[in-house]
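Trainee: Join the two chains, each given in its own frame, into one complex according to the hints.
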Amino acid sequence: MTRTTYHYEGGLLVPRRKLLVSALAAGAGSVLGFPALALDSKPLKGVTLNTSLYSSPYSKLLRPWIPEFEEATGAKVNFDTPGFPVYNQRADLELSTKGAAFDAVNVTFIYSSRWINSGWLTPLDGYINDPNKTPASFDVNDFLEGALAPERGRDGQLYGIPWQAEVTIAAASRFDVLKQSGLAFPDTTDAWLEAAKLLNRKERAAGFVTDNHYGWTFIPFLQAFGGDVFRKAPDDLFPTLDSPEAIAAADYFARLLREYGPDGVVSYTSDQAVQSLKAGRSHLSVQGQINLSQLADKSSSKVAASAAWGQVPKGVAGRFPGTAIHGWGIPVGSKNKDAAWQFIRWATSKETLQRAVAAGYGSPTRRSDIDSPTYRERQRVNGYDIASLVTASVDLSAKQGHMKYRTVAAYPQVDQQINKAIELIVTGQRTPEQAMKQAQTASIAELRRAGVSV
Amino acid sequence: MPPTASLDAGPAGDLPLAGEAKGKRTPAATTLNWQRESARAYGLGLAPALVVLAAITLLPLITLVVVSLTPLSLTDPAATFHFGQPTGNYAQLLQDQRFLDSLWVQAKLSSVGVLLQLLVGLGLALLLHGESRLLAGLRTFFLIPMVLPPIVVALVWKIIYTPDISPLHALLEQWGWPVRSLIANPDTALWAIVAADVWQWFPFTMLMVLAQLQMVPRDPVDAARIDGANRWQVFVYIVLPYLQRTLVVCALFRLIDSFKAFPLLYVLTNGGPGTVTEVTNFYGFIQAFNFSYWGYGSAIAVVMLAIIFVLSALVSRLGKNRGDAHAR
Numbered sequence: 000m001t002r003t004t005y006h007y008e009g010g011l012l013v014p015r016r017k018l019l020v021s022a023l024a025a026g027a028g029s030v031l032g033f034p035a036l037a038l039d040s041k042p043l044k045g046v047t048l049n050t051s052l053y054s055s056p057y058s059k060l061l062r063p064w065i066p067e068f069e070e071a072t073g074a075k076v077n078f079d080t081p082g083f084p085v086y087n088q089r090a091d092l093e094l095s096t097k098g099a100a101f102d103a104v105n106v107t108f109i110y111s112s113r114w115i116n117s118g119w120l121t122p123l124d125g126y127i128n129d130p131n132k133t134p135a136s137f138d139v140n141d142f143l144e145g146a147l148a149p150e151r152g153r154d155g156q157l158y159g160i161p162w163q164a165e166v167t168i169a170a171a172s173r174f175d176v177l178k179q180s181g182l183a184f185p186d187t188t189d190a191w192l193e194a195a196k197l198l199n200r201k202e203r204a205a206g207f208v209t210d211n212h213y214g215w216t217f218i219p220f221l222q223a224f225g226g227d228v229f230r231k232a233p234d235d236l237f238p239t240l241d242s243p244e245a246i247a248a249a250d251y252f253a254r255l256l257r258e259y260g261p262d263g264v265v266s267y268t269s270d271q272a273v274q275s276l277k278a279g280r281s282h283l284s285v286q287g288q289i290n291l292s293q294l295a296d297k298s299s300s301k302v303a304a305s306a307a308w309g310q311v312p313k314g315v316a317g318r319f320p321g322t323a324i325h326g327w328g329i330p331v332g333s334k335n336k337d338a339a340w341q342f343i344r345w346a347t348s349k350e351t352l353q354r355a356v357a358a359g360y361g362s363p364t365r366r367s368d369i370d371s372p373t374y375r376e377r378q379r380v381n382g383y384d385i386a387s388l389v390t391a392s393v394d395l396s397a398k399q400g401h402m403k404y405r406t407v408a409a410y411p412q413v414d415q416q417i418n419k420a421i422e423l424i425v426t427g428q429r430t431p432e433q434a435m436k437q438a439q440t441a442s443i444a445e446l447r448r449a450g451v452s453v
Numbered sequence: 000m001p002p003t004a005s006l007d008a009g010p011a012g013d014l015p016l017a018g019e020a021k022g023k024r025t026p027a028a029t030t031l032n033w034q035r036e037s038a039r040a041y042g043l044g045l046a047p048a049l050v051v052l053a054a055i056t057l058l059p060l061i062t063l064v065v066v067s068l069t070p071l072s073l074t075d076p077a078a079t080f081h082f083g084q085p086t087g088n089y090a091q092l093l094q095d096q097r098f099l100d101s102l103w104v105q106a107k108l109s110s111v112g113v114l115l116q117l118l119v120g121l122g123l124a125l126l127l128h129g130e131s132r133l134l135a136g137l138r139t140f141f142l143i144p145m146v147l148p149p150i151v152v153a154l155v156w157k158i159i160y161t162p163d164i165s166p167l168h169a170l171l172e173q174w175g176w177p178v179r180s181l182i183a184n185p186d187t188a189l190w191a192i193v194a195a196d197v198w199q200w201f202p203f204t205m206l207m208v209l210a211q212l213q214m215v216p217r218d219p220v221d222a223a224r225i226d227g228a229n230r231w232q233v234f235v236y237i238v239l240p241y242l243q244r245t246l247v248v249c250a251l252f253r254l255i256d257s258f259k260a261f262p263l264l265y266v267l268t269n270g271g272p273g274t275v276t277e278v279t280n281f282y283g284f285i286q287a288f289n290f291s292y293w294g295y296g297s298a299i300a301v302v303m304l305a306i307i308f309v310l311s312a313l314v315s316r317l318g319k320n321r322g323d324a325h326a327r
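Protein sequences, first through last, are from chains A and B. Here the first sequence is numbered in numbering that gives the first Met the number 0, starting from 0 and rising by one per residue. Here the second sequence is numbered in numbering that gives the first Met the number 0, starting from 0 and rising by one per residue.
Please keep in mind that the hints were generated in silico from the structure rather than gathered at the bench. No residue lacks a Cβ here, since even glycine has one placed at the ideal position from N, Cα and C. Accuracy of the hints is not assured; some may be wrong.
To be verified - Coverage of chain A stretches by chain B, computed from C-beta distances (three or more under 8 angstroms per stretch; other residues unrestricted):
#	region
1	79 to 92
2	177 to 184
3	354 to 367
4	390 to 396
5	410 to 416
To be verified - For the chain B half of the interface with chain A, some residues (derived, Cβ under 10 angstroms), not all of them:
#	residue
6	Met-145
7	Val-275
8	Ser-311
Bound-form chain B, shown alone (with noise of 0.2 angstroms):
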């Protein structure tokens, strides 16, 4: 924050300024001379920041834009600024069945993935808030997944998925219930992925809400309880309220997260079997990476960028104006 020339005038202030000496600078002058000078100096000390801030972001993102409006292909180093059809990979986009096929996916994928992460992660902090060794215990060893590299994830859910090896499977046919290969059916194999995210990434809605629950004040709550009311009914009409903002900035960041979703789509069904575990993500990796279209996997990435963005818009306005509704 800039400071204010009233505060940082100082001893100075009371010095004869140059105008003042010839009776033309009045106070409003003053501190108007002041103000901009330490605008000037909030920029200039600001600025080296920035221009990192525009290297490391604004820039790969330029250069993705633009990449994604030619057909750059490793293998043809010609067409790298060939600007002649711009839109040439987003029409193909429209036509590409796999490309359409990955964003239903992706949907799928997200939209469950995020909502069950929501719901496990409230429920156990709800269950693990309280003041007790045994409770900080189990809160630390419910974080254990998310803080794992997502690798090890992977790896740790090839083997629980992996049938000949599995101790799931295992287990599952000494009860007598025996379970094909889950990642090799195409009707559960996404939902075995979805499964493995929610185990790596519910611990950190836990972990929002539960800090968020240290800050629910006691007076709403003991108050409720005095006028009779039950423990869903204190929940639902007092604590919930309060999570709501908590819970969709976790939402937000789960969201965002779960167009990113990779390791365990590549080390568990490399996006098959078939294409039914292939999202958005793995579909422009394949194409710039394994088939070198840098221009088509660019085009692809932007349309992630920009459903994103209107993901996260609506995310953030249903956030917001479920606390204003609750501040009023």
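Here chain A stands alone, though its shape is the one from the complex (with noise of 0.2 angstroms):
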């Protein structure tokens, strides 16, 4: 793993080794067409930034670097990683105080509306159009429009530097089995079922398996059906859970769950489920590509040379991958703003990024490193490019905006009655049509209560 070491130059953090060249090139005075070279300048001296993020693969990268920036820049670092909920409810609070107890914090995808247009961020297209905050060499164009749309405000500005990109797709752990049934990678929602059916209990292993977040796991599904959450999100937000496709794809998804899942599949959560694959003891899957990917981990995968993947299965509507975008942001209540962006831009600079990709990182934001050799390279498994499912599907969500169900303020309410409903039906306890129809009655008692009129 190569060692990038930072400098300030100016106010703007540099990699050493870009510095050199460019100090070389064009001498100490004028670097990269910013004002003086401070070598040993520590701008954020005496500067303490509190950061939070969820815990994940990327922040597990970041924290090791975090010494590199407080070594060239002067500032210390708090760097807060909890659980995703945890992290949640703590940010969630936080924000709408408008309190002060954290400089930069992650821009969850799923509150990113409400956090957004609520005025609890700071917009930063001032920090990344001010050339004396931010290099050229930052690009912001570089990062896919699928990631940044999510954040930006209903004002246009940008509110978020996204860190990652995940996107559902689709896996089988053993694909072999498949193979030699003479099925191919299951591609629509009939063909599923198929698969699933007749890999059910070979080598005993379960058919199918999906983490227990329905609000994200069975919508790919909901929308293939040619259902939906809301009748037009974010326009009009009237639920729409109890039209005849949802119910259709509730007991779809239900059944695959029911008739073809591990016993207790309803209590498993993404690990739970990554770790069954993972074992060979479920068969097929859609989830998100930071847990599918890990099949083709040989440390820790029993199926890393016989798993396949692809995108999530087609339906009489279509093909709706799931993506959620995750970004770095500032609260309005930061005392530090500069400095936060400082660390904000360094910690998702393309050196930072492409440094992450190097190391294994899965869910870069950025098109330079998603086409990167090195990523391609590591993506490529058993002759599968996930990188290019990752693409497609970030792309395909741009284009015809299925995602924008999630972004609204009041998702968080209906993401639990569609949760509710999917585990109801599961267990018997209501037919998919009582279901349904309890999640869309209740949705809207909620939606009301937010203050949407519906």
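Mentor: Structure, rendered in structure tokens:
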């Protein structure tokens, strides 16, 4: 792994390598078109930055590199990385009070609309467009447009710099078994059902598994069946969970879980679902690529040699991969906004993200990283190009706009109704029709309570 | 306890006071004056502690009640101090079927859980009451669940209840009694949580009862035995009355704690499948933390507080009556 040494130059953090090359080329007075070079200056000396990001592969990679930022800038960085739900609750509370506890935070996808449009985050365009604060090499246009879109507010300004683009993809842990049965990787919802049925109990493994956050894992099936969460998010938020398409999709999805899922599948978290696949105890899954790409990890996966990947199944209405973008943002109450921006700029710079990709990071947001040979090579497993699946899914999502439902401020409430509905169907407490009608009524009530006119 | 005038007067009591010098102060007046002074000193000494206590207990409580009277939602700061409909949240609670269901789930979890904790704790305490190294070792062993962090307990039970990695499920299957996932089955999920909760907290009852058993006097027990009472009769008529207050205290503590059950529910079932394990506390958490309805969540907390107060009063009364009866 290459270690990059950073230095401050005219208030900008640049890698030492780039700095030396530029200094040789242009002289010490004008490096990369920016003000005077100050190799030993520590412009953030005395500043303590409180940053928070949920625990993830990226945060684990970033943590050991933070001392380099501290060394180069003089800032002290407190880097808090709680679990995802804990982070969200803490950040939601902190942002809503416009407190100064955090200087840089993760803009969680599901909350992005709520946090941005409630005025809890600082617009970043001023920082990005100021050459004294951001060098041209930062190149915001290098980020996938599909990743930048959820970070924009209604005012068109950018409130977060994306560091993770997660998409839902499909995987088969024991594709060899499927092939032996004469089937190709399932591409349609019908083929999925057929494959799950055929594989179920083969090699003592369940046919299908997914994690129990159904407001995320069920939606690609719901939309493939021609249903949706809302009539037309974000403009028309009338829920459509009791439509015939939604009921049919719920019936289909619950059947996959009930008939072909492992015992107790409704209690499976994403970690459990991944472990089940990696241990060869389940065959097929639709989940985030961060989870499913772990099947290729030879050190922990028993199915690394036999795993196969594909796009989420296509239904009568088309293909609708889920995407979830997470970015760095600055709370409006932060007392160290400039310093926080320098930290974010460093954490999402081409150099840092390239380094992450080289270290195995699988969800980059920069086109240059996704197109890089390092990433392409790493994401090519058993003849499958996971990187292409990711970019195709992000692009499709940006083109179709089918993820707009997810950044609706009141989605967390509806998300839970969907979770409950699927659980009720799988455990036989309600029929698909009853459960989805109940979810519809409860969602309307929740949306009204949230002040949405439906 | 405030010092009394007679005790504290000491040498000062012999000194002539201003009033006495003029012959206007009686000994009674002097005593009264001392009492007043000492009460004042007592009050002043106590004041800082009372202020701190008020700050850390009363203020949050008042805030909780005040917030419960507003429609406060984090996404709508304008509603923070809007008291237009102070009983709105409470009225809505009465119409909220999910909340009413959560009360019933709570009632089942608390009543069965606390009862089992008392029975298992009492039973084991009686078995382990004695003087031997083995019993001492076992007593320590049985305390382990209680000292584990609740989240660790939840994770341990998550493993036990997950069929494909569970040693319990593997064992049962080996014996020819395969069991379907208990936490994914709406008929068994709540009882699976009760079992885990009992496992964690029966040692509390066991510990308290063991301590009380040390204090049961030998004379009545010996007398009963001489009179021909068998073990059961000795337990029911001699030992149990001595344990009643302890058991009531245990029940009270565990009842209050059962309303705070959270890690087990969060990790094992997340309130599901559906809402079969969604207790009131968990529902309040969802409203406040997942949906940001702080006013509504606070109203749920206030209702829970009221229920706990009533139940505590009832249980305490029960203990008092029984205790008094025993004293007579």
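Trainee: Determine for every hint whether it applies to the structure shown.
Mentor: Right, here's what the structure says about each hint:
With 3 residues having a beta carbon nearer than 8 angstroms to a beta carbon of chain B, the region 79 to 92 of chain A meets the requirement of three or more and the stated coverage holds. Coverage of the region 177 to 184 of chain A by chain B is violated in this model, with 0 residues showing a Cβ closer than 8 angstroms to a Cβ of that chain against a need of three. Chain B is given as covering the region 354 to 367 of chain A, and this is violated because 0 residues of the stretch bring a CB closer than 8 angstroms to a CB of that chain, at least three being needed. Here's how the region 390 to 396 of chain A fares: 0 of its residues keep a CB closer than 8 angstroms to some CB of chain B, so the rule of at least three is not met and the hint is violated.
Remark: the region 410 to 416 of chain A is confirmed as covered by chain B, as 3 of its residues place a Cβ nearer than 8 angstroms to a Cβ of that chain, reaching the required three. Taken as an interface hint, Met-145 (chain B) does not check out: its beta carbon lies about 25 angstroms from the nearest beta carbon of chain A, beyond 10 angstroms. The interface hint given for Val-275 (chain B) is met, as the beta carbon of that residue sits about 8 angstroms from the closest beta carbon of chain A, less than 10 angstroms. Interface restraint check for Ser-311 (chain B): the shortest CB-CB distance to chain A comes to about 29 angstroms, outside 10 angstroms, so the restraint is violated.
In summary, the numbered hints that this structure violates are 2, 3, 4, 6 and 8.
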